[in-house]
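Enquirer: Residue numbers (numbering that gives the first Met the number 0), protein chains in the order written: chain A, 0 to 331; chain B, 0 to 309.
Calculated from the structure, these hints are not laboratory results.
One or more hints might be untrue.
Sample of chain A residues facing chain B (criterion: CB under 7 Å; computed from the structure) [to be verified]: (1) Leu56; (2) Lys83; (3) Arg85; (4) Met94; (5) Phe96; (6) Ala102; (7) Phe151.
Note that the Cβ used here is the ideal one computed from N, Cα and C, for glycine as well.
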Amino acid sequence: MEKVLEISDLHVSFKTYGGEVKAVRGVTFDLYKGEILAIVGESGCGKSVTAQSIMRLIPSPPGRITSGSVLFKGMDLTRLKEPKLRKIRGADISMIFQDPMTALNPTLTIGEQIIEGIMQHKPVTRQQAKKTALDMLDLVGIPNPLERLKHFPHQFSGGMRQRIVIAMALVCQPEVLIADEPTTALDVTIQAQILDLFKEIQKKTGVSIILITHDLGVVAQVANRVVVMYAGKIVEAGSRREIFYRPQHPYTKGLLNSVPRLDLEESELVPIAGSPPDLFSPPAGCPFVARCAYAMEVCDRAYPDKTHLSKEHHVDCWLQDERAIKMRVHVR
Amino acid sequence: MTAYIIKRLIAMLVTLWLIITLTFFLMHSVPGSPFNEERATNETVQKNLEKFYHLDKPLIVQYGLYLKSVVTFDFGPSIKKSSQTVNDMLGRGFPVSFELGIVTLLVAVISGITLGMIAALRHNGIIDYAAMTIAVLGISIPNFVMATLLIQQVAVNWGILPVATWVSPKHMILPTLALATGPMAIIARLTRSSMLEVLTQDYIRTAKAKGLSPVKIVFKHALRNALLPVVTVLGSLAASILTGTFVIEKIFAIPGMGKYFVESINQRDYPVIMGTTVFYSAILIMLLFLVDIAYGILDPRIKLHKKEGS
Numbered sequence: 000m001e002k003v004l005e006i007s008d009l010h011v012s013f014k015t016y017g018g019e020v021k022a023v024r025g026v027t028f029d030l031y032k033g034e035i036l037a038i039v040g041e042s043g044c045g046k047s048v049t050a051q052s053i054m055r056l057i058p059s060p061p062g063r064i065t066s067g068s069v070l071f072k073g074m075d076l077t078r079l080k081e082p083k084l085r086k087i088r089g090a091d092i093s094m095i096f097q098d099p100m101t102a103l104n105p106t107l108t109i110g111e112q113i114i115e116g117i118m119q120h121k122p123v124t125r126q127q128a129k130k131t132a133l134d135m136l137d138l139v140g141i142p143n144p145l146e147r148l149k150h151f152p153h154q155f156s157g158g159m160r161q162r163i164v165i166a167m168a169l170v171c172q173p174e175v176l177i178a179d180e181p182t183t184a185l186d187v188t189i190q191a192q193i194l195d196l197f198k199e200i201q202k203k204t205g206v207s208i209i210l211i212t213h214d215l216g217v218v219a220q221v222a223n224r225v226v227v228m229y230a231g232k233i234v235e236a237g238s239r240r241e242i243f244y245r246p247q248h249p250y251t252k253g254l255l256n257s258v259p260r261l262d263l264e265e266s267e268l269v270p271i272a273g274s275p276p277d278l279f280s281p282p283a284g285c286p287f288v289a290r291c292a293y294a295m296e297v298c299d300r301a302y303p304d305k306t307h308l309s310k311e312h313h314v315d316c317w318l319q320d321e322r323a324i325k326m327r328v329h330v331r
Numbered sequence: 000m001t002a003y004i005i006k007r008l009i010a011m012l013v014t015l016w017l018i019i020t021l022t023f024f025l026m027h028s029v030p031g032s033p034f035n036e037e038r039a040t041n042e043t044v045q046k047n048l049e050k051f052y053h054l055d056k057p058l059i060v061q062y063g064l065y066l067k068s069v070v071t072f073d074f075g076p077s078i079k080k081s082s083q084t085v086n087d088m089l090g091r092g093f094p095v096s097f098e099l100g101i102v103t104l105l106v107a108v109i110s111g112i113t114l115g116m117i118a119a120l121r122h123n124g125i126i127d128y129a130a131m132t133i134a135v136l137g138i139s140i141p142n143f144v145m146a147t148l149l150i151q152q153v154a155v156n157w158g159i160l161p162v163a164t165w166v167s168p169k170h171m172i173l174p175t176l177a178l179a180t181g182p183m184a185i186i187a188r189l190t191r192s193s194m195l196e197v198l199t200q201d202y203i204r205t206a207k208a209k210g211l212s213p214v215k216i217v218f219k220h221a222l223r224n225a226l227l228p229v230v231t232v233l234g235s236l237a238a239s240i241l242t243g244t245f246v247i248e249k250i251f252a253i254p255g256m257g258k259y260f261v262e263s264i265n266q267r268d269y270p271v272i273m274g275t276t277v278f279y280s281a282i283l284i285m286l287l288f289l290v291d292i293a294y295g296i297l298d299p300r301i302k303l304h305k306k307e308g309s
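Isolated chain A, as found in the complex (with noise of 0.2 Å):
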């Protein structure tokens, strides 16, 4: 498979009055052409910092990538000299962020806020840019597109206003599409439309999409491929199956355990105990060793190397390690 985005190594920090805070310390995935990669994890593990890098858009300062590539095309992205990325931005890579509310300009109607990304990347005239502006919203499922154009985002509901934000997005035909929790701002029964918009126009369009989400139900309706984070590292990454079946690492199970299932009983929901390391300075060891069951002296002592359960299948834990005595971890 065709790699359209090779990330490695990224390392993103804040400067804050409190000092450095490492958000993102060397995370290394690629993206295959016309896949879903999921990237999950709970608050604060660096899932929203590493996708905002990948097109430079974090705020900064005080945001800062201090090493790491991104390559698109044979271009380094964090080395790219900011007028050649605006020309990347929106038109090769887009980015649909998190909360429609308030991702749209109010005092614009969304005709203008679709069209002027077109009339930036395509050398097309405004007539045409309309026409493809239509095509797009009508595509993502606005009915009367063309009334709609003339509309304010006021007048959408939250949905719809999640279906703009996409069709603003899709209309250069981009090749790699960063949701950054699309979903999580909207009612379920919104999520699960949006969700099956994503899979329809990635079959569609053949865009290869990272989808950023805390939610394993979206990852498992969706998503081809996982990418765990915790503490601004990847712990785990595999094929949906993989990761659903044979996850390794004990926070992925652990996540999967925090997840409430039809057929338990409430009381079988087991919610991770603790919290995420200060990131101010993050632990020399394993970030998750506090809130291990499995814990050893090792994993205080030195982060754990990559370990290969397959072909795509890896895990940064002791307990998987070579060296390590074979155990198997329960999982209900």
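Put chain B on the given structure of chain A with help from the hints.
Expert: Relative to chain A, chain B alone:
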């Protein structure tokens, strides 16, 4: 929209009527009369004068007569300067005051917004600190102090610009500067803070993610939203400029309305007091109305007519 404008116009007329009434009775409650002079006037002459100006009639009748004349836009003759009518004075003074006011407002708005924008875009940089220092100075120094300082330095010490009067565009520079610094500083500070807030909004990030250039992001997406609070204060700023012109006109010997206004109060020149007050109020009410309309145009979320459904 039309219904809203008609409603507002009626409300404006009511406001104006209240102002007329209040001013009229307040004015007459102040002791003294236009004919109080150091040299005692002949009693018959005084009686005749009072009769001529209807001052011998009961107050309520005078009030009725005055309302009648206001409706016909005739503010009557001046008592102290018997050869002139109030309409003459307004006709002569207003164009000058208007010129000063409009130029000042334009200078204040344009330079204030520019200064505030630059400060916001260079947030926490040297330009930001410099702009905000100027702004604080501008707010703290009253315009009459500013005027005297400018005259002393620019006109007297350097001799670049004329000291006073209102003859050529060159004469306009100092009074305009003196009058504009305060409002400019207020607008600059407001623009800066609201711009800073807008720049952190999600839709700015969306615009960035679309690949728009910083210029487009600032002017198309940020500025319009950042200007909403500025438009709100514009009405009251215009009022402060308007009243500021009294003092500035006096200092720079500008033949505007301010002169007539101040003199008329000192001399109890009733028709002139009434005429200028009513005129100023009318302009102010009109300005506030225009600000509201502008607000509705700038922000589509604000509906000027009745709510539909939800």
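Enquirer: Indicate, hint by hint, whether the structure satisfies it.
Expert: Here is how each hint holds up against the structure:
| no. | hint | in the structure |
| --- | --- | --- |
| 1 | Leu56 | holds, 6 Å |
| 2 | Lys83 | violated, 11 Å |
| 3 | Arg85 | holds, 5 Å |
| 4 | Met94 | holds, 4 Å |
| 5 | Phe96 | holds, 6 Å |
| 6 | Ala102 | holds, 5 Å |
| 7 | Phe151 | holds, 5 Å |
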